[in-house]
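Model the full assembly from the supplied sequences, consistent with the hints where possible.
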Amino acid sequence: MNWDLIIFYYLAIVMIFSSVFAIFSKHPIYTVLLVLVMIVHQAFLLLTLGAEFLTAVQIIVYAGAVLVLFLFVVYLINLRKETKKNIFIRKVSLIAIVFLLFGALLIKNLLILISLKPSFRAYLPFNIEEKSNVWWIANYLFKNYLLQFEIIGVILLVAILGAVFLIRKVKTAE
Amino acid sequence: MDKLIFTVIAAVILLVIALLHVAYLTYAERKIIARMQQRLGPNRVGPRGLLQPIADMLKLLTKEDIVPYGVDKPIFYIAPLISLVCAGTGVALIPLWEKFVLSNINVGLLFILALSSLSAYGVILSGWASNSRYAFLGGLRASAQVISYEIAMSLALLSVVLMAGSLNLIDIVKAQISSPYKIYLIPQIIAFFVFIISAIAECNRVPFDLPEAETELVAGYFVEYSAMRFSIFYLAEYFGMVVMSALAVTCFLGGWVGPFEVPYIPFFWFLIKLYFILFVYIWVRATLPRYRYDQLMGLGWKVLIPIGIVNLFLTAFLKLIV
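Note that the protein sequences, when read in sequence, are chains A and B.
For the first sequence, this note's numbering begins at 1 and goes up steadily by one.
For the second sequence, this note's numbering begins at 1 and goes up steadily by one.
Please keep in mind that the hints were generated in silico from the structure rather than gathered at the bench.
All figures in this text were calculated on a predicted structure; none of them were measured in a lab.
Where is the CB? At the ideal position from N, CA and C, for every residue including glycine.
Some clues are possibly wrong.
To be verified - Pairwise CB distance ranges (calculated): (1) A:Leu5 with B:Val12: 25 to 33 Å; (2) A:Ile97 with B:Lys99: 56 to 64 Å; (3) A:Asn139 with B:Val8: 34 to 42 Å; (4) A:Ile137 with B:Lys99: 28 to 36 Å; (5) B:Leu81 with A:Leu156: 30 to 38 Å; (6) B:Ala55 with A:Leu5: 43 to 51 Å; (7) A:Phe17 with B:Val8: 38 to 46 Å; (8) B:Ala55 with A:Tyr10: 36 to 44 Å; (9) A:Ile112 with B:Thr7: 34 to 42 Å; (10) A:Phe70 with B:Ala11: 12 to 20 Å; (11) A:Tyr10 with B:Leu20: 31 to 39 Å; (12) B:Trp301 with A:Val170: 16 to 24 Å; (13) B:Asp72 with A:Tyr10: 21 to 29 Å; (14) B:Leu81 with A:Phe24: 24 to 32 Å.
So this is what it looks like as structure tokens:
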């Protein structure tokens, strides 16, 4: 048993259990905290692969920004009623369909992972250490996928403008 | 295995040194502020009051740990620890010397930013879990403030990254040494000021200590905490100061390099610069009154962030043409 395996199993088990508990926890704050635990462990899983940049970005974006906003929202709304409900849905057929869909997705992803060609494996973070993570990501984003990157930027800008438009004060003519 | 043991020993030494610095930072703060206000400051415990931090620590350790009625216990217990870990871990990433950095990772700067963004959780959660109006308001203020000023801080640091062409803190120091001015303080003076102001706001220090404003919120987010847990919050605040100052030294003041080599003490110049920045923190605290909340947010969003963006664009432009 080497250290890598122990660390991997620890991270994987904590991630699975924290996400399961996050779904079943009725208390919204605990849900957010469990998702936080999951995200931090996921970041460290990326670190064990050598993807330092992604680790930092994962923590800054998801843990530092998105979840803090979730916490804000949970603070500002009143969730007394929801915490007293027993279960979300009672229809067994619906639950079965969702589980089947996710199971199929999981199996499909596992198959893709197994069938990865060696050439693709050459680009896993461990194998590109001559240049830093940042260099590779920048190289791909700004050379191969520049157009897509710009389009995503524009979409995000539109979303921000939409949010600002929704919350602005409308001056009524009197 | 040898490497692991060596790292653990180095980490313990670093932690002890950092804790000593934090303890004596509180002493230095009280002494310097006393001097500025024409008082004597602590002078009873030990010669010139030098043992005061140890006496304070013992007092806080032996006090009763009160958990108020109606708090959310697990979160109430864990919140101070989140604050301390997020503030303290940054020490491991700072290069004290070319050959002494605990974990030399390629994106060290981003990791420090990530840790400082996580430290908001300690504040928000303690404010919520305390089940008290003062603590809750303090927590809300703190989270808004930390998130806003983080953007300005990141923008200021990004211009340094652009100049150096690396996110590795050791590479940043080396790039500074080989640049024409030796330190980035001169070409990046705007970024330096933006960074220092937002670092003060990140650490919730005067004049931006809105989350713990005594006159409005009693003590803000940690009003319900006592004894050991209170002192952990205190430790976290001072740890945050030390890490932010060390980051300023590394990114703007040239790290461990000085005008001449000091034999046997390779950290000499790093520590001198660190103490100077810490002194500036204390100096600001003794001099400036507290901001109003809307002024604080206005300063962050309408002044510091635009200045940071303009500075970033200027840096990128100059880098492109030079």
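Structure-based check of each hint:
| no. | hint | in the structure |
| --- | --- | --- |
| 1 | A:Leu5 with B:Val12: 25 to 33 Å | 27 Å, holds |
| 2 | A:Ile97 with B:Lys99: 56 to 64 Å | 60 Å, holds |
| 3 | A:Asn139 with B:Val8: 34 to 42 Å | 37 Å, holds |
| 4 | A:Ile137 with B:Lys99: 28 to 36 Å | 29 Å, holds |
| 5 | B:Leu81 with A:Leu156: 30 to 38 Å | 35 Å, holds |
| 6 | B:Ala55 with A:Leu5: 43 to 51 Å | 48 Å, holds |
| 7 | A:Phe17 with B:Val8: 38 to 46 Å | 28 Å, violated |
| 8 | B:Ala55 with A:Tyr10: 36 to 44 Å | 41 Å, holds |
| 9 | A:Ile112 with B:Thr7: 34 to 42 Å | 37 Å, holds |
| 10 | A:Phe70 with B:Ala11: 12 to 20 Å | 33 Å, violated |
| 11 | A:Tyr10 with B:Leu20: 31 to 39 Å | 33 Å, holds |
| 12 | B:Trp301 with A:Val170: 16 to 24 Å | 23 Å, holds |
| 13 | B:Asp72 with A:Tyr10: 21 to 29 Å | 27 Å, holds |
| 14 | B:Leu81 with A:Phe24: 24 to 32 Å | 25 Å, holds |
Checked against the numbered hints given earlier, this structure breaks hints 7, 10; the rest are met.
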